[in-house]
Amino acid sequence: MEAYLLHLLIMIGIYSILSYSMNLVTGFGGLLIFCLAGFYGIGAYAHTLLQVGGPESQFIGELLFSAALPFPVALLGAAAAGGLAALLIGSVALRFRGDFFVFTTLGFQMIVFVVLYNWTDLGRGAFGIYGIPRPDVFGWEVRELWEYVVLVGALNALILPVLFLLYRSPFGLSLKALRENERAAESLGISAFRQHLSALVVAGACSGIAGGLFASYVTYIDPTSFGLKESIFIVSLLLLGGSGNIRGPILGVVVMILLPEALRFAGLPDSIAPNMREIIYGFTLVILMYWRPKGLAGDFALR
Amino acid sequence: MMNEPILTIENLDKRFGDVAVLRGVSASLLPGTVTAFVGPNGAGKTTLFHAITGDLVPDGGAVMLRGNPITRMAPWKIARKGLGKMFQDVRIFENLTAIENVLLALHDHPGQSAWASLAEAPFRRRLEPGLVREAKSWLEKAGVEPPYDRPAELLSFGNKKLLALARLMAGKFDLLLLDEPTAGLSPIMVNRITELIRQLTDQGITIALIEHNFSFVADVAERAYLLQEGQIHDYGPTAEVLAKEENREMLIGL
Chain A
350 MEAYLLHLLI
360 MIGIYSILSY
370 SMNLVTGFGG
380 LLIFCLAGFY
390 GIGAYAHTLL
400 QVGGPESQFI
410 GELLFSAALP
420 FPVALLGAAA
430 AGGLAALLIG
440 SVALRFRGDF
450 FVFTTLGFQM
460 IVFVVLYNWT
470 DLGRGAFGIY
480 GIPRPDVFGW
490 EVRELWEYVV
500 LVGALNALIL
510 PVLFLLYRSP
520 FGLSLKALRE
530 NERAAESLGI
540 SAFRQHLSAL
550 VVAGACSGIA
560 GGLFASYVTY
570 IDPTSFGLKE
580 SIFIVSLLLL
590 GGSGNIRGPI
600 LGVVVMILLP
610 EALRFAGLPD
620 SIAPNMREII
630 YGFTLVILMY
640 WRPKGLAGDF
650 ALR
Chain B
24 MMNEPILTIE
34 NLDKRFGDVA
44 VLRGVSASLL
54 PGTVTAFVGP
64 NGAGKTTLFH
74 AITGDLVPDG
84 GAVMLRGNPI
94 TRMAPWKIAR
104 KGLGKMFQDV
114 RIFENLTAIE
124 NVLLALHDHP
134 GQSAWASLAE
144 APFRRRLEPG
154 LVREAKSWLE
164 KAGVEPPYDR
174 PAELLSFGNK
184 KLLALARLMA
194 GKFDLLLLDE
204 PTAGLSPIMV
214 NRITELIRQL
224 TDQGITIALI
234 EHNFSFVADV
244 AERAYLLQEG
254 QIHDYGPTAE
264 VLAKEENREM
274 LIGL
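Same order as they appear, the protein sequences are chains A and B. Under my numbering, the letters of the first sequence match residues 350 to 652, in that order. Under my numbering, the letters of the second sequence match residues 24 to 277, in that order.
No lab work stands behind these hints: they were computed from the structure. Just so you know, these numbers come straight off a predicted model, no measurement behind them. The C-beta atom is built at its ideal place from N, Cα and C for all residues, glycine as well. Among these hints, one or two may not hold up.
Claimed, not checked - Pairwise CB distance ranges (calculated):
#, chain 1, residue 1, chain 2, residue 2, range
1, A, PHE449, B, ALA43, 39 to 47 Å
2, B, PRO260, A, SER440, 49 to 57 Å
3, A, SER440, B, THR56, 38 to 46 Å
4, A, PHE445, B, ASN236, 23 to 31 Å
5, A, ARG446, B, GLY207, 27 to 35 Å
6, A, TYR639, B, ASP225, 50 to 58 Å
Claimed, not checked - Among the chain B residues that face chain A by a calculated CB cut under 10 Å, a handful are:
#, residue
7, GLY65
8, GLY77
9, ASP78
10, VAL80
11, LYS100
12, ILE115
13, ALA139
14, GLY153
15, ARG156
16, LEU223
17, GLY227
18, GLU268
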């Protein structure tokens, strides 16, 4: 039971990085994106490929690239990969507005999935990569669950304050202005392209770190963890909790991660429980969109 | 030097499909003056303003700001060159406070990059009060009704227009394009705006405006362009343009 609770805490920690990253782009910048899981996955794979390897690795000759770098360096690499991916997709997608922008991010998400799935030399495709080394942070060997909680907590403590500073900074204010009225903001000398691209890159880099954490926690990754479904899940975190402030995203994460667990104890027959969970998810979101478009505690209605 | 135009428009063309909205429009604005653009609805006045500010890309012709071409430049770049505008539908940031609306226009407000924002984060606490005080002083100068710390959507329509002007004043723009600044306003508000425009021109700021309120135009504008069907129909001192019989017929049907 204790292990189970610690596991939930770790997942909440990983998803809180993801939802606060998304919050910068969506809650403040007003851009709906369906590719955050892509950045998350790219981070996870970059972290993994930078970590597995070395002479005793079972993957030598099987993977295109493997580096056996220490955990902190690999995590930085994951951030760089996520940020770079965001820079790439942003500089294309931000040429479009509205629905077309959203579809471009959706397309990117699908491309990431298909590449990870089919490029077997890169990451073993559907087989996934197992045996990802557990973290070794400057001599601290993270093995126990509670140690993971500390590690994830520490990274939250490093990343979230930076994001919160950005929310409250002039940069965050200019994002809010762009969200309110892009042309009016541009008429004051604010470049929508630059501000949105910066927000995307920051979000991509933070999501990359979350991906690295996830990979080194579960020690096995395959593309299905980073598909469109995952992106939609992250969007629904913000829809449910609310966005454009600090309390909304974390509320969404806690509710969305604990809700299925609570349903698990609701006494549904095992054969229908997973389906029922999905149905209840869907219903909750529809009801929420209808009654509270800003989410439970949000400042901004995505609509 | 004083008579060198700050803005020159040369032969501007703009078509929407088959409709030629601007047909070879040329005009110039002298520094520190108020120029009015009048004409019937659909004459192309707003399109002309949009073509100047970069919101629309003209099909032909050129726009020069202080002798430098700004045609086809991105709107935000043109804004940074000192050209500010007030939209016909005002476009303040409704969910931000009045103070935040003005903060966004302050030039020393480093709202540009994420990196600059992070780099100056340690000094934020020290910088912020000064900036807020400056924003407040612009709001007071424009005559926006307090309180300033509530969402701007709660302001009356007149106050929203004043807020838009406060934003332009705070941004230290030296050329302002105002699209119907008095539309929908009470006479008191119109007087208030007249007064503000006088103050701005006294500081050497150049103003171009689109207006249908001809007594206001006669009050503030030295010169007027009369647009009709996408062409400059008449140009001259405001009183003369408004007095000509054929012009009056076109503008007010008398």
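Consistency of the hints with the structure:
The given range of 39 to 47 Å is broken by PHE449/A and ALA43/B, whose C-beta atoms sit roughly 29 Å from each other. Taking the beta carbon of each, PRO260/B and SER440/A are about 50 Å apart, inside 49 to 57 Å as hinted. In this structure the supplied range 38 to 46 Å holds for SER440/A paired with THR56/B, their Cβ-Cβ distance being about 42 Å. Roughly 40 Å separates the CB atoms of PHE445/A and ASN236/B, a value that falls outside the hinted 23 to 31 Å.
Remark: the range hint 27 to 35 Å for ARG446/A to GLY207/B is upheld by a beta-carbon distance near 29 Å. Between TYR639/A and ASP225/B the CB atoms are about 54 Å apart, so this pair conforms to the stated range of 50 to 58 Å. With a least beta-carbon distance of about 21 Å to chain A, the hint placing GLY65/B at the interface is violated under the 10 Å criterion. Using the Cβ-Cβ criterion of 10 Å, the hint placing GLY77/B at the interface with chain A is satisfied: the shortest such distance is roughly 8 Å.
Evaluation of the ASP78/B hint against chain A yields a held restraint, the C-beta minimum of about 7 Å falling below 10 Å. Taking 10 Å as the C-beta cut-off, the interface hint given for VAL80/B is violated, the closest approach to chain A being about 14 Å. Given the 10 Å rule on beta carbons, the hint for LYS100/B holds: about 8 Å separates it from the nearest Cβ of chain A. Of the supplied interface hints, the one on ILE115/B holds, with its beta-carbon coming within about 7 Å of a beta-carbon of chain A, less than 10 Å.
The closest approach between the C-beta of ALA139/B and any C-beta of chain A is roughly 8 Å, which is under the 10 Å cut-off, so the hint is satisfied. For the restraint placing GLY153/B at the interface with chain A, the shortest Cβ-Cβ distance is roughly 13 Å, beyond the 10 Å limit, so the hint is violated. Contact between ARG156/B and chain A, as hinted, is not supported at the beta carbon level, the nearest pair being about 16 Å apart and thus beyond 10 Å. Below 10 Å, beta-carbon pairs count as interface contacts, and LEU223/B has none with chain A, the closest being about 17 Å; its hint is therefore violated.
At about 20 Å, the closest approach between the beta carbon of GLY227/B and any beta carbon in chain A exceeds 10 Å, and the interface hint on this residue is violated. Hint status for GLU268/B relative to chain A: violated, with the closest Cβ pair at about 38 Å, above 10 Å.
Checked against the numbered hints listed earlier, the structure breaks hints 1, 4, 7, 10, 14, 15, 16, 17, 18; every other hint is satisfied.
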